[in-house]
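As a plain string of letters, each chain reads:
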Amino acid sequence: MKQSITLGKVTKFMGLGFLSTLKDLFTGKLGKEDFKNFLRKAVVPLASILLFIGLWHAGAKALYNREANFKIEKALTDQGETAAEAMRACIASGDVSCKPNTLPSPGQVWDSYKSLLRDHNIISADKAAFIQKTAALNAKRIAAGKAAITYTGRPSFIDQIIMSLKTVFAGFLLALVIAIPLGIFIGLSPTLKSAFNWFIQIFKPVSPVVWYLLVFMIVKTILIDSNDDSSFIISFISVGLCSMWATLVNTAMGVSSVDKDYINVAKVLKLGPFQKVFKVILPSSLPLIFTGLKITLSVAWMVLIAIELLAQSPGLGLFVWEEFQNGANDSNSKIIVAMFVIGIIGFLLDRIMLTIQNAVSFDKNEGI
Amino acid sequence: MSSIIKETSRATHNGVFPSNEVMLDLKQLKKVYPTPKGDYVVLEDLNLQIRKEEFVTIIGHSGCGKTTMLSMIAGLNEISGGHISVLGKHIKGPGPDRGVIFQAPSLMPWMTSLQNVLLGVNQVFPDATKAQRNDIAKYYLQKVGLEDAFNKKASDLSQGMQQRVGIARAFAIKPKVLLLDEPFGMLDSLTRGELQDTLIEIWNKEKITAVMITHDVDEAIFLADRVVMMTSGPKAKIGDILDINFERPRTRKAVLENDNYYEYRKHLIDFLEH
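Going line by line, the protein sequences match chains A and B.
Under UniProt numbering, the first residue of the first sequence is numbered 1, with each subsequent residue one higher.
Under UniProt numbering, the first residue of the second sequence is numbered 1, with each subsequent residue one higher.
Hint data in this document are derived by calculation from the structure and do not stem from the laboratory.
The hints are all genuine.
With a straight-line Cα cutoff of 30 angstroms, these simulated DSS-like cross-link-like pairs (lysine-lysine) come out:
no. : chain 1 : residue 1 : chain 2 : residue 2
1   : A       : K267      : B       : K143
2   : B       : K89       : B       : K174
3   : B       : K30       : B       : K92
4   : B       : K237      : B       : K207
5   : B       : K37       : A       : K260
6   : B       : K205      : A       : K270
7   : A       : K260      : A       : K193
8   : B       : K27       : B       : K235
9   : A       : K193      : A       : K204
10  : A       : K267      : B       : K27
11  : A       : K267      : B       : K130
12  : A       : K193      : A       : K276
13  : A       : K267      : B       : K153
14  : B       : K89       : B       : K176
15  : B       : K130      : A       : K270
16  : A       : K276      : B       : K130
17  : B       : K176      : A       : K260
18  : B       : K153      : B       : K176
19  : B       : K174      : A       : K270
20  : B       : K237      : A       : K267
21  : B       : K253      : B       : K52
22  : A       : K260      : B       : K92
23  : B       : K89       : B       : K207
24  : A       : K133      : A       : K114
25  : A       : K166      : A       : K204
26  : A       : K276      : B       : K174
27  : B       : K235      : A       : K260
28  : B       : K266      : B       : K237
29  : B       : K130      : B       : K205
30  : A       : K114      : A       : K61
31  : A       : K270      : B       : K143
32  : A       : K267      : B       : K52
33  : B       : K153      : A       : K276
34  : B       : K152      : A       : K260
35  : A       : K260      : B       : K237
36  : B       : K205      : A       : K267
37  : B       : K130      : B       : K152
38  : B       : K52       : B       : K207
39  : B       : K138      : A       : K260
40  : B       : K153      : B       : K138
This structure is a prediction, so every number in the text was calculated from the model and none was measured.
Build out the structure end to end from the sequences listed, making use of the hints.
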């Protein structure tokens with residue numbers, strides 16, 4: 001019974017159903033019946049995005065004018081008519097020295113996005129050139145038993161995104177490895193449940209900052225004799241510990257609330273404990289486990305920014321913080337670019353989880 | 001006519017069968033649920049013997065303790081007093097010698113129908129080869145008319161088809177006793193009729209001692225060798241037993257055309273209305 005895989009099925013499976021509606025629009029396959037559906041699924045979201053950009057643009061303009069007027073007024077009262085005129089001319093010319101520093105407009109953000117990409121291209125070209133240049137030397141150094149020379153230039157925006165993703169995945173895997181087995185044991189045994197309950201209730205609400213400090217205290221001492229940079233280790237462990245609670249609680253709940261009918265079937269068939277867990281209890285609690293994992297991943301991505309910032313671990317969080325400290329004329333718009341990148345990656349991570357869930361779990365979700 | 005029935009039923013009710021004929025024996029069975037207001041006695045002094053290769057249906061009002069009794073036989077519910085034995089051996093907990101078909105199909109929705117049946121088969125025939133176990137599971141799925149749905153996910157099957165898988169799963173583990181807890185209660189009457197036919201067809205072949213709870217008087221008569229009537233709780237026990245003397249294999253048409261059918265029916269309804 002082979003089923004053909006169509007774009008519609010794939011996108012629906014991944015919770016991206018609006019894509020196939022868009023495709024139907026361009027291929028002209030849309031019937032009258034689907035028109036309403038099309039309006040709801042494609043036109044309305046597009047309209048809301050346009051409305052959002054419009055409001056943003058208007059708001060940014062108003063803020064810009066407010067700051068510009070204030071600067072001109074100030075020049076007028078402090079230094080007189082000519083200074084005010086000079087200030088007005090300076091602002092109109094868009095000079096960096098007097099440009100109002102406020103919420104950037106959508107256009108500015110788009111420009112910053114392009115400049116970040118350009119910057120990335122320059123840096124990667126530089127890096128490639130460096131590697132090529134040092135290749136022969138490095139080969140010699142390695143042959144002589146010395147460490148290779150590595151590129152130590154500034155990471156580009158894309159490099160930082162990749163580093164953030166690495167931290168989040170390491171943290172997420174840590175959370176998964178701790179929380180799922182622990183959750184299963186807690187769910188299976190009421191004794192363990194009462195043993196761990198206080199522990200969960202107390203540690204669950206602890207803030208990411210405190211987790212970071214706690215991990216820092218411990219890891220710093222453990223790695224005291226190592227010269228390596230421990231900031232990556234500290235940040236991924238903190239991310240894992242912050243985000244694992246949702247998975248732990250959901251796994252325990254899923255395991256302890258398996259349908260009584262399934263348990264009865266397992267009893268009547270006299271399944272052994274191993275089979276009971278792997279054939280009955282785990283599959284039936286998969287939907288709840290995945291709900292937990294999805295929350296864990298989104299929490300991990302959310303706390304990552306704060307933790308990278310504290311740990312000075314390279315990544316998007318550090319990028320945002322450095323841009324804020326930097327205060328260059330396009331810093332604000334770079335921060336907004338980072339904000340969108342963070343948001344979009346968060347959304348994609350959620351869709352990836354949904355896709356995995358639909359592939360392995362018996363209940364099907366379309367996502368919100 | 002009615003008096004004849006009563007005499008035969010009284011005879012069976014009082015009679016004790018020779019022990020080599022008895023498959024399932026319930027003696028002085030008692031079930032007590034402790035409540036804050038003191039003990040609630042569901043079943044008391046319940047005696048019932050079921051012979052080998054017999055099909056017994058149990059009928060009684062809702063809440064009288066039929067399901068409690070059946071789940072005690074299955075070993076899923078603790079026995080408060082008395083004992084239950086299968087072939088003279090007291091039961092301790094559940095086991096695959098007593099197959100159960102639950103009211104809800106209770107299939108694992110993440111498995112295919114074949115995997116669901118194999119779950120039991122693998123457990124009962126651990127020494128068989130994989131191919132042999134597959135053959136057993138497929139044989140029973142064919143018997144219940146699901147030869148085209150081996151690899152369909154249980155969650156994609158209709159209620160009626162799911163219960164067919166439930167029947168296949170129960171027969172495939174070759175139990176000594178088959179326990180059915182209103183297996184067709186959730187189905188529409190058309191599907192129910194089809195499943196009764198499927199059940200009785202496969203039972204005619206396998207002749208596994210069967211105990212089935214039902215609310216449906218016609219179903220009780222059509223399927224059973226004896227219909228056991230339970231009194232209303234609390235302290236429910238066996239009220240009466242009716243022998244159904246129809247030839248097997250039965251057809252629905254022949255049963256309906258038999259004069260005794262209406263006598264049996266009247267007897268059961270009279271019991272339930274008092």
